[in-house]
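Peer 1: Listed below, chain by chain, are the residues.
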Amino acid sequence: GAVVSQHPSWVICKSGTSVKIECRSLDFQATTMFWYRQFPKQSLMLMATSNEGSKATYEQGVEKDKFLINHASLTLSTLTVTSAHPEDSSFYICSARALESNQPQHFGDGTRLSIL
Amino acid sequence: QKEVEQNSGPLSVPEGAIASLNCTYSDRGSQSFFWYRQYSGKSPELIMFIYSNGDKEDGRFTAQLNKASQYVSLLIRDSQPSDSATYLCAVKGSSASKIIFGSGTRLSIRP
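Chains as they are written, first to last, in the numbering used here: chain G, 7 to 122; chain U, 3 to 113.
If you're looking for bench data, these hints aren't it; they were derived computationally from the structure. Warning: the hint list may mix true and false statements.
What the hints assert, rightly or not - Computed beta-carbon distance windows for the label pairs:
1. Ser10(U) / Trp16(G): 20 to 30 Å
2. Leu74(G) / Leu13(U): 37 to 47 Å
3. Lys61(G) / Gly31(U): 37 to 47 Å
4. Leu122(G) / Ile20(U): 40 to 50 Å
5. Val9(G) / Leu77(U): 41 to 51 Å
Built from N, CA and C at the ideal position, the CB exists for glycine as well.
The following block holds chain G by itself, in its conformation from the complex (with noise of 0.2 Å):
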């Protein structure tokens, strides 16, 4: 149990672009749901907490209007890094936790997203 899917695994794409990212949870009711970056050899970096049907809860430093979080259903977000660069590009990590809220999180396996 516990399944988090992610699409796509890899985007490579020109600088200037949009790339969207999913998140869904297969097999739970996923309430809040956590967006993660993750450069080489460096540890997970917080970047939003999403709620469904709430706006998401960015970290101190992550722009939101680059980075826009939408978690429309139970079972869903999305992720849309905007008009992305060649710094955007790293491995960007999507995790969810079902309701209570000492339950672990399940993380999908990552997009690595890589801007030319």
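Given chain G, work out where chain U should sit, using these hints.
Peer 2: Showing chain U alone in chain G's frame:
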């Protein structure tokens, strides 16, 4: 002081031995504690979670929690080369909805 602290390693352990990974946390009111394993280039994978003081065993893994000392550990018995990875300790604080991750300990099992 970081909220969740781990020794970055690398921790090198011979195959078949016990690997001991440690983590301390600053929020005394924390209630939920998690261990994740992350292979290079992959996303984290949940190994164990523990909520109560004491030991919790699952196969070759044992999580140990001591809330008085604000300390949580992960023991891996009969270490295998496939256990070589970065191990992330994560703690849910008393008031926050998110869990806080440590920076991880890199474990290397040498044959």
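Peer 1: Does each hint hold? Answer for all of them.
Peer 2: Tested hints:
1. Checking the proposed 20 to 30 Å range against Ser10(U) and Trp16(G) shows it holds: the Cβ atoms sit about 28 Å from each other.
2. A C-beta distance of roughly 40 Å is found between Leu74(G) and Leu13(U), which places it inside the suggested range of 37 to 47 Å.
3. Separated by about 27 Å at the C-beta atoms, Lys61(G) and Gly31(U) break the suggested range of 37 to 47 Å.
4. The given range of 40 to 50 Å is respected by Leu122(G) and Ile20(U), whose C-beta atoms sit roughly 46 Å from each other.
5. Checked against the hint of 41 to 51 Å, the C-beta distance between Val9(G) and Leu77(U) comes to roughly 27 Å, which is inconsistent with it.
In this structure, the hints that do not hold are numbers 3 and 5, in rising order.
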